[in-house]
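> Residues per chain are reported as follows:
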Amino acid sequence: MSERENILARIREALTVRAPMPGHAQDSVTHPPAGSGGGSSGVRQWLPLVGYTFQERLELFRTNAAALKADFHLVASRDELSERLLELREAEGWKKVGTHAGELTDFACGQLALPTCRTDGGYDVAELESCSVAITECDALVAQTGSVLVTSRSAGGRALSVLPPHHVVLAQSRQLLGDLPEAFAFLKKTYAPGYPSFISFITGPSRTGDIERILVLGAHGPRKLTILCL
Amino acid sequence: MKTAAQEFKLQAGRLTADLRHRGLIQTALGKYEVVRDQTKSGFQDWQAARQAAAQTKWEAINHLDAYLVQFVEKLESRGTKVHWASTGVQAREIILGIIREKKAKCIVKSKAMTSEEIHLNAALDQAGFEVVESDLGEFIVQLRKETPYHIVFPAMHLTRGEISEVFARELGSAPTDSPEELTLIARRVLRQKYITADVGFTGANFGIAETGMISITENEGNARLSAALPKTMVTLMGIEKILPRFEDLALFLPMLATMGTGQALTCYNSFYGGPRQPGETDGPDEYHVVLLDNRRTELLADAEQRDSLHCIRCGACLNVCPIFKNVGGHTYGTTYSGPIGSVLTPHLRGLQEWKHLSFASSLCGACTETCPVKINLHHHLLHNRRNAARQQPGFAEKLAFRLFAFVINRPWAYGLAKRAGRLLQRFHPWVKGGPLDPARAWTKTRELAPIARQTFKEYWRGRQLGK
Ligand code: SF4
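Protein chains in written order, with our numbering: chain A, 1 to 230; chain B, 1 to 467.
Simulated from the structure, these hints should not be mistaken for laboratory data.
If you're wondering where the values come from, they're calculated on a predicted model, not measured in any experiment.
Backbone N, C-alpha and C define an ideal beta-carbon position, used for all residues, glycine too.
Hints should not be assumed to be uniformly reliable.
Said to hold, decoys possible - Below, a list of computed lysine-lysine pairs in the DSSO-like style, where the Cα atoms sit at most 30 Å apart:
| hint | chain 1 | residue 1 | chain 2 | residue 2 |
| --- | --- | --- | --- | --- |
| 1 | A | 188 | B | 40 |
| 2 | B | 105 | B | 81 |
| 3 | A | 69 | B | 31 |
| 4 | B | 231 | A | 224 |
| 5 | B | 40 | A | 224 |
Stated by the list, open to error - Far from chain B, by Cβ distances over 12 Å, these chain A residues were calculated:
| hint | residue |
| --- | --- |
| 6 | 73 |
| 7 | 75 |
| 8 | 82 |
| 9 | 90 |
| 10 | 114 |
| 11 | 119 |
| 12 | 121 |
To be verified - Quick partial rundown of chain B residues pointing at chain A, CB under 10 Å, derived from the structure:
| hint | residue |
| --- | --- |
| 13 | 126 |
| 14 | 132 |
| 15 | 135 |
| 16 | 291 |
| 17 | 374 |
The shape of chain A in the complex, shown without the other chains:
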């Protein structure tokens, strides 16, 4: 017998004895996620509130992003977007941009007029590492947690959004979602069953508290996260 069969046999043998359900009967939730199919509507009533209107959610995203030490700006037009990017280029002395093909990223790179390292058809790791900034698009923004949802398809692969020291996300306001259950429903609708091999919720710039529980930004990933939302 293979180890697979051995382990499965032991599990089946063990499960012939039933274990009691956790908690007390009166604690049982009205919409147990177990067995009720989706169950995300249940989860929604317990997670933090997100508000109903777009404005409320936008404000929540802004507050969360600020608490996470991410920079969030709502820009009114492509002109303003390009202005913001040029400001950042000057302030930080960008030399080279890591990016991927996309409508907004192509526009941004056209405006910046800097050498680029594109990840689309494969890339040199050392070259990507030397970029001053990564500019990517995303799948969605999540108001509840201030997260940016990226996948290997929407944001130029696995490494681009984590290797350079500054990650700039170009988003559109219609991409703003309310809560986490909505984000998972979105992922399912968009990709199932052929999910990208990498999906990530990015919640603020990379950080660590491993030294005396003191917050330090830029542990291994980007020190800065900027979200520009059209």
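Please build the complex by placing chain B with the ligand on the supplied structure of chain A, with the hints as guidance.
Okay, now just chain B with the ligand, sitting in the frame of chain A:
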């Protein structure tokens, strides 16, 4: 050689008296408590969320065979190689096999408690491979040749001075007391490792049966880099990490973050569904997932304690445990410390040798109350005590209880014992704390309360006579 129990007693005695150590832990956990409570209060209904999480894990664990099969099928259908390991030795062999086949030299590792459980680093070291821990805390304890102090905060017991010292010694960096600079030193060293490593190794927080994905939670970005750059990626996952549905993560990710570090969501929550797929630009060419049993099925067979497999390793029970706070993580001498460690270790490593951990508890129940998946932790400590005594009854203990039962069931014997006790206590100061003192375990560090001059019965009789 000392037994595990003797070693525990010795270390516990030493560390509880170490005020500097206690100060460090209390400051760190104090900060944690503040943010945890803040984040928890953001939930509309935390208790309902706990109940739902507990039920979801119950569902997963009590149908583990079906969910594992589904999980593996999904993973394999997208090109992942899945390996099954009944024991730690088998898991090590499998991982070594992959590394040898790839002719790898350097392995970059992100945090994985399962790898501590099977002593992977030692095995890789011995086989002549370079293993680098990339999580900052793990990197620090690896340089100090220690094991992680805490399952979530591995270097919580160290000051920046100690960290600067080990960096200066091992990496040749200039001494500094700025956490920013220390982090930067590690970042620079590790950057090169990601780029040159042949194999990236990770643990897993959850395995999603429905979609065949591994979910990894982290703050630093080291796991993301380990999963992006090396040509081969290996994940070691305990079989109990399964969740049934993709959307279950909408509940588990924020709960794990809240209880683990007090964040609303950890910085990176990433899901890996396989090696680089056609049309994707990067990621490993090969992805291996190693499923580890290592006596988890034995625990599964114990229906009474099966719920300890629900654990999501958030570390919250350690953080609230009065024992952990005083004796510290290393004293346990185990991979998993704190209440969950005291429950699991007797199952993973042998009941008799590790039963002392079940007694190192005030049974206050703080762990059970805090656990996000409602594991009945402090009752399991009692279950372990009972099982240990049943399996191997202690002669002296049995005798003591016989004697106690005899006395307590007979009023005349009880009255006699009381009088004898009162008399004998007069002489107690002569032997107090010394080798002849029968109450030495107590009186070594404490005072024994005097037996009352008058028993209640005597008092009552006196009162009635007086009337
Ligand atoms: S037993 Fe509960 S509180 Fe302790 S680490 Fe596991 S999930 Fe967290």
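> Please check whether the beta-carbon of residue 82/A is more than 12 Å away from every beta-carbon in chain B.
26 Å, holds
> Checking one constraint from the list: CA of residue 231/B to CA of residue 224/A, max 30 Å. Satisfied?
Given pair residue 231/B, residue 224/A holds - Cα atoms ~27 Å apart, limit 30 Å.
> Against chain B, does residue 75/A keep a CB gap of more than 12 Å to every residue?
Holds: least Cβ distance 25 Å, greater than 12 Å.
> Identify whether the interface hint at residue 135/B stands, where standing means a beta carbon of chain A within less than 10 Å of its own.
7 Å, holds
> Hint check: residue 69/A vs residue 31/B, CA-CA at most 30 Å. Holds or violated?
19 Å, holds
> For the hint on residue 374/B, just tell me whether its beta-carbon gets within less than 10 Å of chain A.
5 Å, holds
> Was the hint right that residue 132/B lines chain A, CB cutoff 10 Å?
12 Å, violated
> Checking a non-interface call: every C-beta of chain B should be farther than 12 Å from the C-beta of residue 114/A. Is that right?
20 Å, holds
> Please check whether the beta-carbon of residue 90/A is more than 12 Å away from every beta-carbon in chain B.
At roughly 25 Å from the nearest Cβ of chain B, residue 90/A sits farther out than 12 Å, so the non-interface label holds.
> Just checking, residue 73/A versus chain B, shortest CB gap more than 12 Å?
21 Å, holds
> Would you check whether residue 126/B satisfies its interface hint, that is, whether its CB is within less than 10 Å of any CB in chain A?
At 23 Å from the nearest chain A Cβ, residue 126/B fails the 10 Å test, so the hint is violated.
> Does residue 224/A lie within 30 Å of residue 40/B when you go C-alpha to C-alpha?
Holds: residue 40/B and residue 224/A sit about 27 Å apart, inside 30 Å.
The structure shown violates the earlier hints numbered 11, 12, 13 and 14.
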